[in-house]
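Novice: If you're matching them up, the sequences are chains S and L in order.
Letter 117 of the first sequence, counting from 1, is numbered 117 in UniProt numbering, and no numbers are missing.
Letter 93 of the second sequence, counting from 1, is numbered 93 in UniProt numbering, and no numbers are missing.
Keep in mind that the hints were calculated from the coordinates and are not lab data.
Treat each hint with caution, since some may be false.
Computed spacing ranges between beta-carbons, pair by pair [unchecked claim]:
hint: 1; chain 1: L; residue 1: Leu23; chain 2: S; residue 2: His138; range: 28 to 34 Å
hint: 2; chain 1: L; residue 1: Arg20; chain 2: S; residue 2: Glu208; range: 46 to 52 Å
hint: 3; chain 1: L; residue 1: Lys8; chain 2: S; residue 2: Ser2; range: 36 to 42 Å
hint: 4; chain 1: L; residue 1: Arg20; chain 2: S; residue 2: Glu218; range: 43 to 49 Å
hint: 5; chain 1: S; residue 1: Ser42; chain 2: L; residue 2: Ile297; range: 41 to 47 Å
Taking lysine to aspartate or glutamate pairs in the EDC-like style, the calculated list, with each CA pair at most 16 Å apart, reads [claimed, not checked]:
hint: 6; chain 1: L; residue 1: Lys329; chain 2: S; residue 2: Glu203
hint: 7; chain 1: S; residue 1: Lys81; chain 2: L; residue 2: Asp259
hint: 8; chain 1: S; residue 1: Lys163; chain 2: S; residue 2: Glu203
hint: 9; chain 1: S; residue 1: Lys86; chain 2: S; residue 2: Asp31
Predicted model, so just to flag it, every value in this text is computed and none were measured.
Here a beta-carbon is modelled for each residue, glycine too, at the ideal position from N, C-alpha and C.
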Amino acid sequence: MSLIEVKNLEKTFHDEKVETPALRGVSFDVDEGEFLAIMGPSGSGKSTLLHTLGFLDRQTKGEYKFDGKTIDEYSDDELAKARNEKMGFIFQTFNLLRRTSVLENVKLPLLYSSVPESAWEEKARKALDSVGLSHRLHHEPSQLSGGERQRVAIARALVNNPKVIFADEPTGNLDSKSGKTVMEIIQKLNEEEGRTVILITHETYTAEHAQRIMKLLEGEIESDIKVDHRHKADDFLK
Amino acid sequence: MNIRHLLKTSSGGLKTNKSRSVLTILGIVIGIAAIIIVMALGQGAQNLILGQLQAIGSKVIAVVPGRQPTGPADIIATFTDSLKEKDLESLENKSNVPHAVNIMPVVFGSQTAAFESETYSPTILGVTEIFANLYNIYTADGRIFTEDEVKSYADVVVIGDEIKKELFGASDAVGEKIKIKGRNFRVIGVLNKAGQVSFINFDKVAFVPYTTAQQYIFGIKYFHRLAIEADTEENVPSTVAAIQTTLRNNHNITDPKKDDFFIETQASAMATVSTITGALTMFLAAVAAISLIVGGIGIMNIMLVSVTERTHEIGLRKALGATEADILKQFLLEAVLLTAIGGIVGIVLGGLLSLGISLLLSHILGVDWKFTFPINGALLGLGVSALIGLTFGLYPAKQAAKKSPIEALRYE
Numbered sequence: 001m002s003l004i005e006v007k008n009l010e011k012t013f014h015d016e017k018v019e020t021p022a023l024r025g026v027s028f029d030v031d032e033g034e035f036l037a038i039m040g041p042s043g044s045g046k047s048t049l050l051h052t053l054g055f056l057d058r059q060t061k062g063e064y065k066f067d068g069k070t071i072d073e074y075s076d077d078e079l080a081k082a083r084n085e086k087m088g089f090i091f092q093t094f095n096l097l098r099r100t101s102v103l104e105n106v107k108l109p110l111l112y113s114s115v116p117e118s119a120w121e122e123k124a125r126k127a128l129d130s131v132g133l134s135h136r137l138h139h140e141p142s143q144l145s146g147g148e149r150q151r152v153a154i155a156r157a158l159v160n161n162p163k164v165i166f167a168d169e170p171t172g173n174l175d176s177k178s179g180k181t182v183m184e185i186i187q188k189l190n191e192e193e194g195r196t197v198i199l200i201t202h203e204t205y206t207a208e209h210a211q212r213i214m215k216l217l218e219g220e221i222e223s224d225i226k227v228d229h230r231h232k233a234d235d236f237l238k
Numbered sequence: 001m002n003i004r005h006l007l008k009t010s011s012g013g014l015k016t017n018k019s020r021s022v023l024t025i026l027g028i029v030i031g032i033a034a035i036i037i038v039m040a041l042g043q044g045a046q047n048l049i050l051g052q053l054q055a056i057g058s059k060v061i062a063v064v065p066g067r068q069p070t071g072p073a074d075i076i077a078t079f080t081d082s083l084k085e086k087d088l089e090s091l092e093n094k095s096n097v098p099h100a101v102n103i104m105p106v107v108f109g110s111q112t113a114a115f116e117s118e119t120y121s122p123t124i125l126g127v128t129e130i131f132a133n134l135y136n137i138y139t140a141d142g143r144i145f146t147e148d149e150v151k152s153y154a155d156v157v158v159i160g161d162e163i164k165k166e167l168f169g170a171s172d173a174v175g176e177k178i179k180i181k182g183r184n185f186r187v188i189g190v191l192n193k194a195g196q197v198s199f200i201n202f203d204k205v206a207f208v209p210y211t212t213a214q215q216y217i218f219g220i221k222y223f224h225r226l227a228i229e230a231d232t233e234e235n236v237p238s239t240v241a242a243i244q245t246t247l248r249n250n251h252n253i254t255d256p257k258k259d260d261f262f263i264e265t266q267a268s269a270m271a272t273v274s275t276i277t278g279a280l281t282m283f284l285a286a287v288a289a290i291s292l293i294v295g296g297i298g299i300m301n302i303m304l305v306s307v308t309e310r311t312h313e314i315g316l317r318k319a320l321g322a323t324e325a326d327i328l329k330q331f332l333l334e335a336v337l338l339t340a341i342g343g344i345v346g347i348v349l350g351g352l353l354s355l356g357i358s359l360l361l362s363h364i365l366g367v368d369w370k371f372t373f374p375i376n377g378a379l380l381g382l383g384v385s386a387l388i389g390l391t392f393g394l395y396p397a398k399q400a401a402k403k404s405p406i407e408a409l410r411y412e
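Turn these sequences into a full structure, and let the hints steer you where they fit.
Specialist: What follows is the structure, encoded as structure tokens:
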């Protein structure tokens with residue numbers, strides 16, 4: 001059984017007058033431990049797909065099964081709980097809370113979890129350690145470089161030990177060197193920790209870090225192929 | 001999310017925008033402070049008046065001629081001449097009013113008193129020998145006039161402290177003669193400095209036998225007032241009833257609505273005063289409360305701005321697992337915290353200001369104005385401000401909770 005099963009998924013946005021179809025029936029599976037890159041030009045529906053897969057939005061038609069249960073069986077609060085416990089999000093714009101320390105930012109998902117408070121500090125420190133930021137615990141995001149900020153966001157995504165990491169253009173706002181570091185970390189999460197990763201990008205180079213690339217065009221799957229020559233992360237963490 | 005983290009999150013949200021938070025609560029601070037000041041001063045004024053009334057004594061009943069004023073047009077009716085010598089005699093009859101122990105007729109007015117080249121305009125109170133007991137005042141020098149002197153229309157006077165100082169300075173007054181309305185009165189006593197008691201400043205009063213006052217000073221045959229003391233406080237109501245019956249008989253009145261006199265007791269006067277000052281205080285507090293509503297709208301306004309500004313944060317929190325209820329609680333608590341802080345600051349500020357005003361009033365008016373902190377007002381203020389936070393915070397908080405996480409994350 002796959003972790004993610006999508007069948008004929010459709011999403012249409014309703015404006016006052018206009019109906020804009022974003023997804024026109026996509027079907028695919030993602031196995032546990034897979035690293036999938038979704039590519040496509042703007043308006044191809046890749047962000048919409050990621051939002052639906054990440055329980056941030058519901059589909060208009062079709063079926064989405066996560067971990068053996070369809071999204072329609074979840075109430076809004078249960079979706080929130082699932083996002084908190086099973087999913088981690090990494091955004092292009094980092095989305096860290098300003099004037100809040102790195103450590104507190106990483107603790108944020110734990111605030112909404114059932115994890116006892118006594119365990120928060122250790123979990124957050126461990127997550128920051130795994131992205132190589134143990135020396136920045138009490139800095140504020142504004143004092144960090146772009147690459148460091150994205151690594152804080154990755155630590156935040158990791159802190160509650162999720163099954164899936166959703167990354168929406170994680171290197172889009174970074175220079176190539178920081179981007180590379182971030183991709184190394186993401187790859188390591190997938191390979192060493194066995195987490196499922198679903199990544200959106202429009203850069204072929206970035207996408208080629210994944211095992212599989214799915215290309216979307218105008219709300220439909222254009223291609224879904226295995227990556228033959230994956231880019232491997234330099235072992236910067238060693 | 002437990003309450004402690006909710007508090008931490010909400011207070012963190014407020015700290016991020018410190019100056020705005022401070023400006024936002026200003027309306028609440030002013031509103032609550034105004035309510036506290038109004039209530040503290042109202043309470044102080046009421047205590048002052050009640051204190052004066054208490055000095056009259058709880059057993060003393062005042063019979064006043066005329067109809068009790070119920071409106072501006074009735075004021076004139078209070079100056080009538082319905083209480084006569086005949087009424088005094090009937091009331092002194094034990095079979096009519098069994099529990100009356102002392103009855104003192106009173107006439108009063110203002111006249112000029114002169115000693116050699118000095119003049120002074122005291123209040124002349126025509127009374128009987130029991131006045132010192134009734135009003136609880138004592139002579140510093142000399143004596144009070146006797147029953148015989150009252151009966152014999154004696155030209156004697158007991159003067160207050162200020163009159164003595166104005167007319168005689170440091171020299172002895174007792175034995176000297178002062179001129180009131182062309183008649184010589186022998187000063188037989190000087191009172192202790194007493195100050196303001198039961199609305200009369202006894203330091204400015206000259207006491208003469210009422211008989212002399214009626215005959216030679218005012219030229220009247222009626223009384224301005226009858227002061228009647230009951231034997232015990234419990235017998236005050238029955239004595240009031242007995243006085244009413246006796247006077248109605250004397251005046252041939254069958255319909256109590258047509259009474260040409262009315263009766264005041266300490267209890268009734270206190271009740272009247274409490275009602276009036278209480279109503280005034282409530283009215284002023286209600287006016288002050290309007291500023292609270294304005295302050296509440298200010299909070300709602302700023303909270304709405306804050307929700308829009310922090311759309312991104314809301315989206316992020318939701319993406320990370322916050323439920324609608326979590327977001328609602330966070331923003332609602334921010335509003336309640338704002339108003340509660342405003343309420344506390346307002347209470348402290350109002351308390352300090354009213355203490356200052358009380359001291360100032362004591363100093364300027366020369367009265368014993370006691371400062372009482374209105375605990376009721378403070379509790380009311382806190383409750384009202386928290387309620388305002390809840391009421392005016394609910395709409396913005398709902399707006400925040402309703403935001404869809406993707407819409408919120410997209411918002412730049």
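Novice: Which numbered hints are broken by the structure, listed smallest first?
Specialist: When the structure is compared with the hints, numbers 6, 7 and 8 turn out to be violated.
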